[in-house]
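The sequence shown runs 1 to 244 under my numbering.
Treat the hints loosely; a few may be bogus.
Claimed, not checked - Under the rule of at most 25 Å between Cα atoms (straight-line distance), these lysine to aspartate or glutamate pairs were calculated in the DMTMM-like manner:
id, residue 1, residue 2
1, LYS205, ASP160
2, LYS229, GLU32
3, LYS187, GLU130
4, LYS85, GLU155
None of these hints come from the bench; they were simulated from the model.
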Amino acid sequence: MLQTPSGGAGHGAAATDRLMSIGTVLNVLREEFPEVTISKIRFLEAEGLIEPQRTPSGYRKFSAHDVERLGHVLRMQRDHYLPLKVIREHLGAMERGEAVPLPALGRQRDGDTVPETPEAPTAARIGREELLAAAGVGEEELREWESYGLVTPLEGGVYDAEAATVASLIAELGRFGIEPRHLRVMKAAADREAGLVDQVVAPLKRHRNPQTRAHAEDRTRELAGLTVKLHAALVQTALGVRLP
1 MLQTPSGGAG HGAAATDRLM SIGTVLNVLR EEFPEVTISK IRFLEAEGLI
51 EPQRTPSGYR KFSAHDVERL GHVLRMQRDH YLPLKVIREH LGAMERGEAV
101 PLPALGRQRD GDTVPETPEA PTAARIGREE LLAAAGVGEE ELREWESYGL
151 VTPLEGGVYD AEAATVASLI AELGRFGIEP RHLRVMKAAA DREAGLVDQV
201 VAPLKRHRNP QTRAHAEDRT RELAGLTVKL HAALVQTALG VRLP
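Construct the complete structure from the given sequences, taking the supplied hints into account.
Written as structure tokens, this is what we have:
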């Protein structure tokens, strides 16, 4: 569960003191969601999933309720692969006091919804406009990223939810003068790492036992987490720095 900074009971200034900056919110969320970024939080705000207060100078200030709501949104994306529209409707029903079960994505067949099996969850998808808004960039920049293979649309011109994270990070690196062409080596390294993980779990994926195939997905997540940690440690060692 997310832990938010505590404060004593009170009114007026005391209530204002409990509001958090977007940087503080980011640190709180990263305990459970290491990949979340400031751009992601701003994107969820733009989509109407949170409504932080604003100071007279325009800075965002988040309440503990805002942070809990953000955590709930991110959890539904991560664990249940739900698109933002479905999450927004679910949260609205909850706020109206309606007892609603957590929605499940499914495929349509003859007008009826057929739930997907746990073995093949439907990943969240976002449109091109959503991706542009999440990264805070324009069409020209996105086309350049696509030309280098850093961001790749799926069939139908949509993107998986992770593309928003990738796009946001590319945009942030760009502020330091790191251009998309410089990132091709990182993409190539990521592809090689993914290939190594896939090679390890391939026998499990091909197994006839559904439980064994489900274990392959867990093993893939575990190996992916280890390779990401190793990659980060190697980069830090090479640079002689340590990230917080």
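For the pair supplied as a hint, LYS205 and ASP160, confirm whether the alpha-carbon distance does not exceed 25 Å. 21 Å, holds
Straight-line alpha-carbon gap LYS85 to GLU155, limit 25 Å: Satisfied, since the Cα-Cα distance of roughly 20 Å is no more than 25 Å.
Mind checking the alpha carbons of LYS187 and GLU130 for me, to see if they're no more than 25 Å apart? Status holds; Cα separation ~23 Å.
Straight-line Cα separation of LYS229 and GLU32 no greater than 25 Å? 16 Å, holds
Consistency note: the structure conflicts with none of the earlier hints.
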